[in-house]
Each structure stands twice: as structure tokens, then as C-alpha cells.
Amino acid sequence: MTSQTEKNTAEEDSDIIEFLNRKLANLTVNSDATEVLGSSDGLPVCEVSTLLPQYSQEILSALYSNNTVLRLAAVVRLRKYLSLQNVDERVDNVLSLNIISLLIELLENFDDHLLQYETAWIITNIAAGSTQHTEALVAGGVTQHLIKVLSISNNIEVQTQIIWALGNIAGDGAVFRHIILSAGVLDPLLYILSNYEIYDYMAVRITVWATANMCRGCRCSDPSWSLITPAFPILANMVQLNDAEIISDACWGMSRILNGTHKHREHALVSDNSLCRRLVDLLREDSLTSTVHLPVLRTLVNIASGAEKQTQAVIDAGALTVLTTSYLSTKNLTLRRDACLAVSNVAAGTYCQVNAVLNEPNLMENVVALLWDSDVKVVKEACWVLSNSTSLHDSGHINLILQYDILTPLLHHLRNPSTPQEIMNKLIDTLINILSVGDMSSSSPPPPSQNAYADQLAASGLVKALLIAHNHQGLSETIKEKIRSLLERWFYGYLRSNEQGNEDDDGIDIASIEERVGRLRINMEGVDVF
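Here numbering that gives the first Met the number 0 is used: position 147 in the sequence shown is 146, and no number is missing along the way.
Source of the hints: derived by calculation from the structure; they are not laboratory data. Some hints could be false.
Below, in silico cross-link-like pairs of lysine-lysine (DSBU-like), each with a Cα-Cα straight-line distance of 35 Å or less [what the hints assert, rightly or not]:
no., residue 1, residue 2
1, 22, 376
2, 330, 22
3, 330, 379
4, 463, 376
5, 376, 479
6, 330, 308
7, 379, 463
8, 147, 308
9, 308, 376
10, 463, 479
11, 330, 376
Restraint-style ranges between C-beta atoms, simulated for each label pair [said to hold, decoys possible]:
no., residue 1, residue 2, range
12, 315, 197, 43 to 49 Å
13, 329, 41, 55 to 61 Å
14, 332, 276, 23 to 29 Å
15, 197, 276, 45 to 51 Å
16, 421, 143, 41 to 47 Å
17, 270, 332, 29 to 35 Å
18, 473, 368, 25 to 31 Å
19, 272, 92, 52 to 58 Å
20, 63, 287, 48 to 54 Å
21, 138, 225, 25 to 31 Å
No experiment lies behind these values; they were computed from the predicted model shown. The beta carbon of each residue, even a glycine, is placed where N, CA and C say it ideally should be.
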């Protein structure tokens, strides 16, 4: 049996996806579906909500007209029409005009910034529709032209609206993101963010949001990952600004870039401690809401999942203290779970880093309390803390952990037939870690027991709990084998006592165990027990 530490990055959960603003329509402020259009623009008088399909032919004629005033009026009408509610239905009506190639032509009219801006707004709201609507834009070649105009234009309003459109396209799936990233979208975005002082805050906000959207679903092992990593230091700079929206989106972007790096620790994106100090300061800021605290914490979780230097930066910034005082016991489920995940990542670190976890005042008390949490995912992360913090097989660590009341919840979960298998597996790993440390270097195969930890755990009722766990319906054979091996190695004598005392052995074949005892091979270095 081998028990190993594991670090994990946190991913966006389905329960918060709606909160994450994947796509945003640019709706007209105080838009009114009954607004009457016309009378002075050369087009028929009508309510904006009835523009299409009723006046499709008039709009098409105006769009293809050589009269620049009439053409702009038609574009503005389409923009107002798409800026109402029920975007999907209205996008269908606009796309039925077959004007994507015309929109590209209008977008590249650098002599008329207003026309460019209104056209980009139309494209933005088409991209805010369904995936099929986005596919129509991409198939029509819109993305390349958006990036071209973004790179050439010196008009901030036009640039901002194009970035908004690109952000919507990126929010619709990995295929679209890869197309945009491969076309070089990141260069103009990062230029704006690197020179944010010359842009208004709305432009910076939209650019940070769009950049974060480019990072969605991009794991370290994906082809697009190398295309997006240059954004990391720029986004790290953005969290220094005092704007909640910018901080939130910048952190979502960084957390996505870091996603999966726990399996590729050679990619160390955090080069100094300043980012972690800023993130911890933000976690301490009571004036910020969970919409900011969640991506900030998610970024710290993923930083801690990385190489030793990154994990140490999280510790040095004071993260363990703020997690203990404010987040491990918070009522917010997602924050509570992520806080526990952050601790488990640190506990998967070096000897000194595990020490930092075990010696942080009140931290382990909070973790043990989370073993009783009503949310299974929180319990799972608490179990990972125990498993990781015992995985170095250090007696000092084990002694510290056993000072806390870990056995009561541990026994409860072992006996509970509803305990998820992943939790059961981590609990068994923790027991193996503890018991392997208790083996004396001169120990011979049992009986008798020469393991003080085995005596302590047996006295708590562990043997009975393991026997009950072994008989849970549906328990995997892998976990059952772990339980049998654990009982053979450390509790054989207790099982024999039960048998001789005619106590129920709960389905464990004692004779079979006795036969296998002679085959035990123990690595006394404390890593591979069997």
C-alpha cells in the first residue's frame, strides 16, 4: 500500500457558472421596446421591437445604400433592436438578413468611428446569443477582422466595443477561444492593460473581463495554454488596482491559467511574494463581497498547488492565518470548501510547510470540525488535509495531529454506509500513514503488536469500525483490500482475540488473514507498507 500527497487546483463549479458572466450583451440603458424610430432618419416610422422581420427589406436597402447617413441610421436601428431583451430571438432575425460580410465591411470603415462603434456593438450582441449565433460569426470570418481593427484603431470606444465582442466569442467554448488566441488577440489586449493609465476604467474593466474569458477551460496540458500564459503577470498587476470588478476578473483569469499546473510544477508562474501578499490582503478586506473573495481565494488555492516556492509564498503571505480566522468556518459553502482545499495543498508540501499547517493556532480544530460538515465536498477536502499532513510519515506530525479529536469523526465516517468512497479511501490512507510511523525498526510480522499507535487506535474502537466499513454494500474491492491489509498488518492480534472470544468478526476471514501474514513485506522506510 502506498499513500501519497496530492495537490489539486480548483476549477469553476457548475453551481457558480451563472455568476461568472460568460457572455454579456451590451443593452441600451433604459431601453424601451416601444420606442418609436424614424421621422427624421429616412426610414419608416416604427416601434423598435417591430423592426424585424417587418421592415427587413427597408433595412437591407439602407445598409447597402451609398447614402452614408441612411446607412448609419440602419445600423443604429439594428443596434437598438438587438439591445432589447430576448436577445436570441432578435439575433435570429438579424442573421436572417445575411449581412455578416457587410458588417465586416462596415467595421473596417476607419473614416467613420461612429459607424465602426455601432457595428461592433451589433456584433457584440450577436455573440451574446447562442453558440449557433457565435458559430455564424466565426464561420463568416468576423474574428480576424475584429482583431485587425482592434490592433489598428486608435479610438478607445471602438476598441472597447470590439474587445467586448471578442470576450463574448471567447466565452462560448474552447474551439472559439483557440481560434481567437491563435489569431493573436492577446497582444492588443495586454497592450491596453499594460498602459491602463491612458484608458478609461470602462475600457480596462472590459479588457480584463475579456482576457479572463480567453483563459476559460485552458489547462496546463492544453495547446492554448502557452498562448495565454503571457497574460498572467499583467493580470497580477491588475489586482493592485482598487476596483472590485477588475480584481475579480483578473483573479478569475489567473486561477484559470494556473488550473492543472499541480501536475506540471516546472511551470512556476508566481515569481515573487508580492502577488500572494496582495491576495491575502484582499481576503482580509471586509468591504469586499464573496464575488471578489471567491476568485481571490481560488487563485491562492491554485498557487499553493504548485512548486515548493509557490506554496511557501502562500504561507509567507499569512494565508494560513486568514484562512483559519475567516474562511474555514464561514457560512459561505464555496469559500469554506476552497479554504480547506488551500490548506490541503499546503499540507502536501515539505516538512516545514506541514509544520506550518499543524502549528497554526486553531487551524486543525477548524479542519476537524469540517469533518462533520453537511457538505460532502467540504468533508472530502478536510480528509485530504489529514491524509496530506500525515503523508511524510513523521512522528512529530502524527503526534500533533492525534492531539486533536480526529478519531471521533473518522470512526463515524467509517461506520456510515453513506460515506462516499473517495472519503473512505482518504480516511484509510490517513490511518495507514499514522500506523506506518508507529512501526518499530526491529518489528517482526504480527503478532504481537509493537505499535503504540495501533494500541491507541484499537482502544478507540477502530477495529470494529473497519470491520463495519469492510461490509458496506457497494464498497470497491480496492478499498476493501486496503482495509484487509491494514487489519492484517496492525490488528491481527485483536482479530484473533475476537475470534477466541466468539465475537462476531463481521465477515473477515481470519483463516485467510493468518495464511497471508507470512507473505507480508514491510518497507520500514515508511513509504511503501505493502
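Going down the list of hints, with the structure as the test:
| no. | hint | in the structure |
| --- | --- | --- |
| 1 | 22 with 376 | holds (28 Å) |
| 2 | 330 with 22 | holds (29 Å) |
| 3 | 330 with 379 | holds (17 Å) |
| 4 | 463 with 376 | holds (26 Å) |
| 5 | 376 with 479 | holds (22 Å) |
| 6 | 330 with 308 | holds (31 Å) |
| 7 | 379 with 463 | holds (23 Å) |
| 8 | 147 with 308 | violated (40 Å) |
| 9 | 308 with 376 | holds (28 Å) |
| 10 | 463 with 479 | holds (14 Å) |
| 11 | 330 with 376 | holds (14 Å) |
| 12 | 315 with 197: 43 to 49 Å | violated (35 Å) |
| 13 | 329 with 41: 55 to 61 Å | holds (60 Å) |
| 14 | 332 with 276: 23 to 29 Å | holds (27 Å) |
| 15 | 197 with 276: 45 to 51 Å | violated (28 Å) |
| 16 | 421 with 143: 41 to 47 Å | holds (45 Å) |
| 17 | 270 with 332: 29 to 35 Å | holds (33 Å) |
| 18 | 473 with 368: 25 to 31 Å | holds (28 Å) |
| 19 | 272 with 92: 52 to 58 Å | holds (54 Å) |
| 20 | 63 with 287: 48 to 54 Å | holds (51 Å) |
| 21 | 138 with 225: 25 to 31 Å | holds (26 Å) |
When held up to the earlier numbered hints, the structure conflicts with 8, 12, 15 and fits the remainder.
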